[in-house]
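Engineer: All chains, full assembly: derive it from the sequences and hints.
If you're matching them up, the sequences are chains H and V in order.
The numbers in the working numbering rise by one with no breaks, and the one at position 104 of the first sequence is 579.
The numbers in the working numbering rise by one with no breaks, and the one at position 193 of the second sequence is 201.
These are computed hints drawn from the structure, not numbers from a lab.
Source: prediction; values computed, not measured.
Idealized CB from N, CA, C, for every residue including glycine.
You may find that some hints are simply not true.
[What the hints assert, rightly or not] Some chain V residues near chain H, calculated using beta-carbon distances under 10 angstroms: (1) Phe18; (2) Ala76; (3) Ala80; (4) Asn96; (5) Lys103; (6) Gly105; (7) Met112; (8) Ala113; (9) Phe121; (10) Val249; (11) Ala253; (12) Met256; (13) Leu259; (14) Pro416; (15) Ser425; (16) Val432.
[To be verified] Sample of chain H residues with no beta-carbon within 10 angstroms of chain V, all distances over it, derived: (17) Phe549; (18) Pro550; (19) Ile565; (20) Leu644; (21) Trp703; (22) Glu708; (23) Leu713; (24) Glu738; (25) Arg739; (26) Phe753; (27) Ile758; (28) Pro777.
[Stated by the list, open to error] Quick look at which bits of chain V chain H covers, simulated, 3 or more residues with Cβ under 8 angstroms: (29) 81-94; (30) 124-130; (31) 173-183; (32) 418-424; (33) 436-446.
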Amino acid sequence: MAYNLDLTTIWAFIIAFAVFAYVVMDGFDLGIGILFPFFAVGEERDQAMNSIAPVWDGNETWLVLGGGGLFAAFPLAYGIILPATYPLMIAMLLGLVFRGVAFEFRWRDTRHRALWDVAFTVGSVVAAMAQGMILGAILQGVTVTRSVAAGGWAYAGNWLDWLTPFSLLTGLGVVAGYALLGATWLNWKVEGTAQAHAVRLARVLGIITLVAMAAVSAATPFLDYAYWHRWFEMPGILLTVPVPLLVVAFGFSFFKSLALGSERLPFAIALGLFLLGFAGLGISIFPYIVPDQITIWEAAAPEKSQLFMLVGTVVIMPVIIAYTGWAYWVFRGKVGTHGYH
Amino acid sequence: MGQTAVFDQFDPVVLARIQFAFTVSFHFIFPSFSIGLASYLAVLEGLWLKTGKSVYLDLFRYWLKIFAVVFAMGVVSGIVMSYQFGTNWSVFSVKTGPILGPLMAYEVLTAFFLEAGFLGVMLFGMSKVGRRLHFAATCMVALGTFISATWILSVNSWMQTPTGFAINANGQFVPAGSWLTIIFNPSFPYRLAHTVIASYLTTSLVVGAVGAWHLLKDRTNPYARKMFSMAMWMAALVAPVQILAGDMHGLNTLEHQPAKIMAMEGHYQSHPEGAPLILFGIPNSAEKRVDYAVEVPKASSLILKHDLDAPMAGLDTIPDDREPPVAIVFWSFRVMVGLGFAMLGLGLFSLLARSRRALYDWPLLHRLAIAMGPTGFVAVIAGWVTTEVGRQPYTVYGQLLTGQSHSPLAAPAVAVSLMAFVVVYFAVFGAGTWYLLKLMGQPPHAGETEPPQNPIRTAGITPAPALDGAPEPAE
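Structural biologist: Okay, here's the thing in structure tokens:
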């Protein structure tokens, strides 16, 4: 049994890794979509678009891996969370459709470029907002019921249960956070007025993101599930105390690095803020996968399924990571003003 | 609730089925083209490397731009599919996840990342990595599309002919025995062969139609001649193979899913002394007979049992609530088979023209090839409808009813999302299809450009040149 327990925990970490990889990687390119209207038509927008053109599609593949991995390793969680957040999931998927094709169509059909630019922004905002609200919906808890006919447990709430002030707050927080990643990415990858623009936006977004993180953290203990037990009692407090302290430290160094004109450090610190937020979520949720109803072990696929996948993942995942790193390395440095299209 | 109350009269399961059918049909169009096209591109580049003739390189670059657009639409419509299982079919997901989840996870790991990894080099890397390595990249992308088809058709086949499973206390399907038993379930080899060949045939018809279009305008265009000739060889060789593969797939279905065959054949009644082949007619489910049937006596027994007098059971042996919808399956099957024979006819016509040395000079053949251009897609969708609707009323054949597989969702939620998908898909993929047709309308010529000069896209899709003639920015 101890062996099975380990396997399921390993899978929880693999899924968490895939989700984190998706959030930060698609996060900065969704963020550029969110910020697109703030950049001037022409060279500024073209630079911004070109800076993510080589990587956005690979970034989004992690979303398929996260969804597919959840389906495979924790089918019960997949079957509860997706219906519980149904309209958000559909909105996210449609947002990603608009945004994905806008990438291509704006170059092919220059007469309608303005239209595809709007599709790019709206699709990005909708996808980011939906993802943030899905997070809030999971944190605030979903109604489930025991159901043998449904394979153990089933979602038992209504189709708009997810819509609360808290989920709106997490939605806005993710939009702001993605925009922060986008702005700091652009500070690194573009030049001229576009870069100056990005730095100004990054300052404002840094403040908004930190405020949103504080607000979500402050609201979380008041949700139905007593998260504060985990946060403020031993041994959880050993983990929870360093996180906000590190966030404060990261916040200070973020603004300092921007003020000093650093190009790479602000992006790295923004990634660090996401990692801290992610760690905070992990402390809050683990070992539940549907707080506070279903643990990872209750939702787990049988050992035989998890083991079969683990063999392939252990072999193939390093190759994927190597390729992804190589792709980013190939397109290192400033994107240049001439673009690639 | 006045607005949403309108939707309450609809059955959420029916709405969810329409939504899945709609999104998967739209999605299926793109890979059914890109699987064949990736292989065609590998052949073109291989021939260029072998012969050194520039016509192959120019054709490669011409079709590469089109491939990029098709692949893009396949990616975005595919992401939707990977979430549709959970959003609309959560009980199915919970119950089959332990078996189908790993197969789909392997598809992501072995196929999607392989395609993403080498597509960039294929699209932009000719000048960066050298010819042989570039050819290897093209082959890898083609291999990726094939691996992807293999996994997803294994998943689909398991839903049709489930093997290698046990059912646990929660009613979940869990693996029992070897994973090879699950992956290589009884209908998988036939379905894989039939689908991949269909993709090749679909591609050859599109390439043939584009070649024919440009031949009608200028029959001396060497690029149009080359692509038309290659496409017609492919159609002539593959159409008969496909009919054979379809026949074998049908025999496999008879063995494992007899009710589907009964619906395809329109056999409401059992025929103890040889069943007729109903060519046409109108299925009348209320009276359980085919009205106005045009039939060949005993031919169905001959085809399916290789014996004129072999008895064949009909739908009267199946409980009414376990029958697939007969009319849809009956008609979609005839559309597929009819188009299949039309494709064979086109292939034979091209052989006749070739033997008379009139392949490039027979406008009737070219017009016919243009008319047949989109029929591969129609046949693919019709075949898909035949096999999927024929699987009803189950999601996992004989094991899990469709009516017990769906998510606990209210009708308004599903109805609103269905409408959103319809509007967005027609708008977005309509625009994409228009861009594709514009690309195909441009005559292939010497010195076709590579997608962009600078290899910007690694895992994505290259932009083709702007369609309205705006110059591309200089390097």
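Engineer: Each of the hints needs a verdict: does it hold here or not?
Structural biologist: Hint check results:
Because the smallest distance between the Cβ of Phe18/V and any Cβ of chain H comes to about 14 angstroms, over 10 angstroms, the interface hint for this residue is violated. The interface hint given for Ala76/V holds, since its Cβ lies 8 angstroms from the closest Cβ of chain H, which is under the 10 angstroms cut-off. Hint status for Ala80/V relative to chain H: holds, with the closest Cβ pair at about 5 angstroms, below 10 angstroms. For Asn96/V, the interface hint holds, since its Cβ comes within 10 angstroms of a Cβ in chain H; the closest pair sits about 8 angstroms apart.
This hint holds: Lys103/V has a C-beta 5 angstroms from the nearest C-beta of chain H, less than the 10 angstroms allowed. Given hint, Gly105/V at the interface with chain H, holds; its Cβ is 2 angstroms from that chain's nearest Cβ, closer than 10 angstroms. For the restraint placing Met112/V at the interface with chain H, the shortest Cβ-Cβ distance is roughly 5 angstroms, inside the 10 angstroms limit, so the hint holds. A distance limit of 10 angstroms between C-beta atoms decides the matter here; for Ala113/V the minimum to chain H is near 4 angstroms, and the interface restraint holds.
Annotation: Phe121/V was flagged as interfacial toward chain H, and the flag holds, the nearest CB pair being 5 angstroms apart, inside 10 angstroms. Hint on Val249/V is violated. Least Cβ distance to chain H is approximately 33 angstroms, over the 10 angstroms limit. For Ala253/V, the interface hint is violated, since its Cβ never comes within 10 angstroms of a Cβ in chain H; the closest pair sits about 29 angstroms apart. Hint status for Met256/V: violated, given a least beta-carbon distance of 30 angstroms to chain H, over 10 angstroms.
Violation of the interface hint for Leu259/V is found here, the shortest Cβ-Cβ separation to chain H being roughly 31 angstroms, above the 10 angstroms cut-off. Satisfaction of the interface hint for Pro416/V is found here, the shortest Cβ-Cβ separation to chain H being roughly 5 angstroms, below the 10 angstroms cut-off. At its closest, the beta carbon of Ser425/V sits 4 angstroms from a beta carbon of chain H; the interface hint therefore holds under the 10 angstroms criterion. Contact between Val432/V and chain H, as hinted, is supported at the beta carbon level, the nearest pair being about 5 angstroms apart and thus within 10 angstroms.
A beta-carbon of chain V comes within 10 angstroms of the beta-carbon of Phe549/H; the shortest separation is about 8 angstroms. A beta-carbon of chain V comes within 10 angstroms of the beta-carbon of Pro550/H; the shortest separation is about 2 angstroms. Distance check on Ile565/H: its Cβ comes as close as 4 angstroms (rounded) to a Cβ of chain V, failing to clear the 10 angstroms threshold; non-interface status is violated. Listed as a non-interface residue, Leu644/H keeps its Cβ farther than 10 angstroms from every Cβ of chain V; the least gap is roughly 23 angstroms.
For Trp703/H, the shortest C-beta to C-beta distance to chain V comes to about 31 angstroms, beyond the 10 angstroms cut-off, and the non-interface label holds. With a minimum CB-CB distance of about 33 angstroms to chain V, Glu708/H clears the 10 angstroms threshold, and the non-interface call stands. Listed as outside the interface, Leu713/H is consistent with that label: its C-beta sits roughly 35 angstroms from the nearest C-beta of chain V, beyond the 10 angstroms cut-off. The claim that Glu738/H is not at the interface with chain V holds, since no C-beta of that chain comes within 10 angstroms of its own (minimum 20 angstroms).
For Arg739/H, the requirement that its beta carbon stay farther than 10 angstroms from each beta carbon of chain V is met, with the minimum near 20 angstroms. For Phe753/H, the shortest C-beta to C-beta distance to chain V comes to about 22 angstroms, beyond the 10 angstroms cut-off, and the non-interface label holds. Non-interface call for Ile758/H relative to chain V: holds, since the shortest CB-CB distance, roughly 26 angstroms, exceeds 10 angstroms. Non-interface status of Pro777/H relative to chain V is broken: a Cβ of that chain comes within 10 angstroms, the nearest being about 5 angstroms off.
Proximity of the region 81-94 of chain V to chain H, defined as three or more residues with a beta carbon under 8 angstroms from a beta carbon of that chain, is established by the 11 residues found. Look at the region 124-130 of chain V against chain H: 3 of its residues bring a Cβ nearer than 8 angstroms to a Cβ of that chain, three or more, so the hint holds. Taking a C-beta to C-beta cut-off of 8 angstroms, the region 173-183 of chain V contributes 6 residues in contact with chain H, enough for the three needed, and the coverage statement holds. Counting residues of the region 418-424 of chain V whose CB lies closer than 8 angstroms to any CB of chain H gives 4, which reaches the minimum of 3, so the coverage claim holds.
Taking a C-beta to C-beta cut-off of 8 angstroms, the region 436-446 of chain V contributes 4 residues in contact with chain H, enough for the three needed, and the coverage statement holds.
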